[in-house]
Every structure is written in structure tokens, then in C-alpha cells.
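Trainee: Below, each chain spelled out in residue letters.
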Amino acid sequence: MNIKLKALTKNRTGFLAALFAFLLIVMIIVSSSMGYVDIGFKEIGKVILWKITNNAELVADIPETIRVIIIDIRLPRILTCAAVGGALAVSGTLFQGILLNPLADPYTLGVSAGAAFGACIAILLNLGAFFVSIPVFAFIGAISTLFLVIFLSGSSNKTGSGFSSNNLILSGIIIAAILSAGISFLKYMADEQVSVIIFWLMGSFASKTWTDVIAVSSFLTIGFLISILYAKDLNLISLGEKAASSLGVDIKKDMVILLVTGSLLAAISVSVSGIIGFVGLLIPHMVRLITGPDNLKVLPISMIAGAALLLFADTITRAVLVHEIPIGVLTALIGGPVFCWIFKKSHQK
Amino acid sequence: MKIEVKNLSFAHTLDKNLSDNTINNFNIEFEQGKFYSILGPNGSGKTTFLDLLTRFLKPDSGKILFDNKDILSFSRKELAQKIAIVSQDYYINFPYIVKEVVSMGRHPYIGRFFPLDKDQMNIVNAAAKITEITDLMERKITCLSGGERQRCVFARALCQKTPVLLLDEAFSNMDINHSFNILKKIKSEIRETNITIISVFHDINFASIWSDKMIFLKKGGIMASGSPEHVMTEKIIKKVYNVDAKVEYNKFANAKQVYYNIT
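As they're listed, the protein sequences go chains S and U. So for the first sequence, my numbering puts the first residue at 1246; every next one is plus one. So for the second sequence, my numbering puts the first residue at 2; every next one is plus one.
It is worth saying that the hints were derived from the structure and are not from the lab. Hints are not guaranteed to be accurate.
What the hints assert, rightly or not - 30 Å max Cα-Cα, derived DSS-like pairs, lysine-lysine: (1) K1477(S) to K83(U); (2) K1477(S) to K59(U); (3) K1477(S) to K119(U); (4) K83(U) to K1589(S); (5) K1498(S) to K70(U); (6) K7(U) to K141(U); (7) K1477(S) to K141(U); (8) K1498(S) to K59(U); (9) K162(U) to K119(U); (10) K220(U) to K236(U); (11) K162(U) to K1497(S); (12) K3(U) to K220(U); (13) K141(U) to K1590(S); (14) K1498(S) to K1477(S); (15) K188(U) to K219(U); (16) K78(U) to K1477(S); (17) K1542(S) to K35(U); (18) K78(U) to K35(U); (19) K70(U) to K220(U); (20) K1542(S) to K141(U); (21) K1477(S) to K35(U).
As the list claims (entries may be wrong) - Over 10 Å on every C-beta distance to chain S, these chain U residues come out as not near it, computed from the model: (22) N26; (23) R56; (24) D68; (25) D71; (26) P164; (27) K236; (28) K239.
Just so it is clear, CB atoms sit at the ideal spot from N, CA and C, and this is done for glycine as well.
Sequences are here, hints too, so could you generate the full structure?
Mentor: Right, dumping it as C-alpha cells:
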């Protein structure tokens, strides 16, 4: 018993990861059952198994409509939401490490403003293939912003890394400010479409498809693998550039890789589901309180916890509340006060 | 390891018309197993010079050779196995455990996912003993005082087990007891393992006690270098700091010491 306990505390990361993963799976199943039509857990299990094994006997007694609701409506939304939650949490962890600031989040470099600006242009121009063009435009907006910010903050190649965290944060704030003015201008020009823009900006997982699931989860998989590969370097970078450099980290290369990875994760998330705040800020912060700041632990646990938490929030707005409220508003309303509490508590110790 | 600095120049500004180089045409050699101190007024290029030695900054012209090999030819990790620095910024934003911070000194020697084995941990613990932080190893670095933090960062640099150790005012926040103890142990380490120490000091008297050689900088140039007996003179101190001072051999300190008069 004692030995088991010891092993458990020693491998707390594995235990936590397993716990959150279990929670996430439970969340996915519970969330699939909830909604306008109540569906039993048994049926959900059967339909999912049917999709995986392709054994038609399993779903012989389940009506077509239920299958469609689960496979084509609820699961895409649920899985997109979970993947976005994971992507935002990983991205937040990366930015907090790179910018040496535990209060940074995926949007610190203005990626969200860039995405929003791109989306607004797409909405305003009312581009034909509506459902394709908004995310694509948002993504282009986000990536251009990222490169603009990197360009602005990159000083001469004399200093070790080429950019300091202060320069990055400042450039991000400036670009974001310009872009929000641009967004306001577009809203002013938009007339009738202004409500579409406003709703897009507030974030939503409504009517997501399997394309969204694949897009976000493939970005997340690659992004997560890169982050884990560079987790130790990120630990060193979070001690400061000079220290990291003298300990054998090629900071210039590593910072570009990690910045691009973090920004791509943020960009794909915003493009698919609008601006969802506080997940990327709060989750790594909470996880760090449990695991300590070692990114080799923070990254995987943040990803799973972020997925579970965002899915929890989305399930509330989709299936529990009488009217669906935008997910971005909900996460800010819940996440904001929770963050204040954690923040106050963590520096009172 | 022998270090040669040849015609080294560096300017923080990009404007070529401004001729105020931070480092202006340095030529100097560091022998293995000696304790060097670098002194000079603010902005004379002390820290910049150390940053050039660790390749945190790239020189505009000139070369730095480690055992006749240009430092540009080493990878970052190779370099981190040859030269370590205790720098002035030891502020850490994340609540790492002290043990984790000190262990990071082994980073140049280990793979991405491997935890430290017993031999590695022995090196870490030995370094912790030298800077007297064994009792702090389980504490959070963010909860320590400036001097304690400096000792942790010092231990991290010692973990790198490099033939050259750079100290950038590494004792600025430590009390005399701790700095003396650490320096004593390091001096005996110099004798045993033949490492080279290059340390930036502000306190001339302190530098005089510990150093084999003193290097005085002013406005990016080397004003004087040599043993304390030779270069620690009233004339040079006047030239470097523009301060009237009296330099005398002090029997108790067993070294030359400086005295000032403010009337």
C-alpha cells in the first residue's frame, strides 16, 4: 500500500494526465447525450462503436435520426471544442514560457485581433463560399499578424535571440490596437452584417463539421509534439535569454519555432471558433499550481485539462442553459473571476 | 583551456558613424588556471565583453579563440560545456524548485527526455554544497532572497563543469561570509582542476585579494592588465575612475588595498 502510494505521488504527472483523460472521455459521452433530444449513454456507446468497427448489427435498433444527431451534429461540435480547448491551453503554456510571463496568453501577440480582422473582411465582402472563407480569411489574418509582430520586434542580429520578450509584447499590443481600430471601422461600414461580425467575434462551436475536427486536431497533434520536443528548452528560456543561451540553448532558433507553433495553434483555434478568452491563460496557470513549472509536465496536462474544461463550458451553453450564450462570453464570465481568485491566492502564499 | 582575444570590436548601436564602440579593438590572452578580475567604471564594456566570450553577442570584428579554435565553430551545447556564466540577471519568474534550477546546469550534457541519473545528481549536490544552498534545495526559487537566488544560479553554473567560469558581479547581493566561503572553495578548485575564472568586480580591494591578474577597462579599451602589484597603482586608478586614491600594501589583507579621501 505504502509503496503504491509512493509510486503514485512520484508519478503524479502520469496520474493527473490519466485522471483528466478519463474526465475528458466521460465529458464527451455525457455531452453527446445532452441536448434538445436526450440520448442514452448505451446508444451513444453503440453508435460510436459502430462507427469504429463498422458493425451494422450494433445500431440495428437505433433510429436513423439519433445516429445522425450523434455522428453529424453533436460529435463534430464536441470534438472541435475539445481540440480547440487543448490547442489554446498548449499555446498559452508556450507563450507564457517564451515571454517569461506567467500572465501571457495565446492572444498576447495580437493573433486573435489579426484573425478577427481577417474574418470581418470575409464577412463584409460577403464572400461566396461562406463557410470556407471565414476561417480561411481568419487564418490568413492571424498568420500575417504573427509575421508582422515578429518583424517589428526583431532587432539587429547582434543580440543573442534577435527579439526580447518586451519587444514581442509591445509589438503585439501595438498591432492589436491598430487591428481593433480596423475592426471597429469595418463594423461601422458593415451595416446589416454587423451582427454577424459581433457574433463571430464572441466565439461559437455551433454547426461545426468533421472538417473542423480534422483541421484543429491535426494542428494540435503536430503542435503538441513540437512543444514536447522543445519542453526542456522552453524551461530554460523561461529563466531568461542569457541564462538559456549560456546553458546551451540556441534561443534564436528555438524561439522562432516555439513562437510559430504557439501562434499557429492560436490561429487555427480562432479561425474555427472565434475568440475564446481565458482558456489559454487560466489552464496553464492552474496546472502549474499542481505540477510546478516544468513544461514537460505542464504541456500534456494543460492540453487535456483545457479540452475537458472548454467542453464542459460548451456543454453548459449548448445543453443546460435555456438560450445558448456565446462560448467566448461564458469562458470570460466564469474564467475571469476564477482567475482573479487564483491570482490573489497564489501571491498571498 | 587557453582563451585568446584578437582585435575584438563590438558596438551596441548599428550606426557606423558613431565611433563609440562598446568594445574597441581588444587584444588579450587568458591563461589556464588563473583568476582574472575585470574592473572599470559603468559602461566601460565589462558585461559586454563577457557576453562576447559566451557568444551571447556576436562581435563586429575580431576573433575569440578557445584552444586555437574560433568560438563560432562550436555548437551552443559544445560552448556550454566549455564556458559558463553567473550573470547579473538572476530574476526568475516561475516558481521552480531550487533543485530543478541547479539541475538545469547539466542541460548541455543530457538528452531531451532523460532525467538526471545518480552521477549527474552527485555533481548537482556537490555544486550546491560549494555555494551553500544544500538546505534550500527543496524550496521555491521565487521565495528566496536576492543573495540566496544568486547562490542558486552560481551553483547552476558550477554544474556545467566548464574549464572557464565567468562571474558578472556574482557576489553583488551576497554577504561577506558567503562570498568569502564560495571564493575560497573556488580558489582551491582552480588549483585542483585548473579552471580559469574571469570575474567582473566593482570593489577594487576585493578584487585585489582574490585575483592573479587585474584588467582595467575604460570606454571599451584595456587601460592596464597585469598582476595586482603591477597595475593597482594610484596613477591607473586616477586614469580609469578619475578618483584620487592612495594605494598601499596591507599586511592583514596580504594584498594591495585602496584608500579614498573625501575631504
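Trainee: Check the structure against each numbered hint from earlier and tell me which ones fail, lowest number first.
Mentor: 4, 6, 17, 21 and 23
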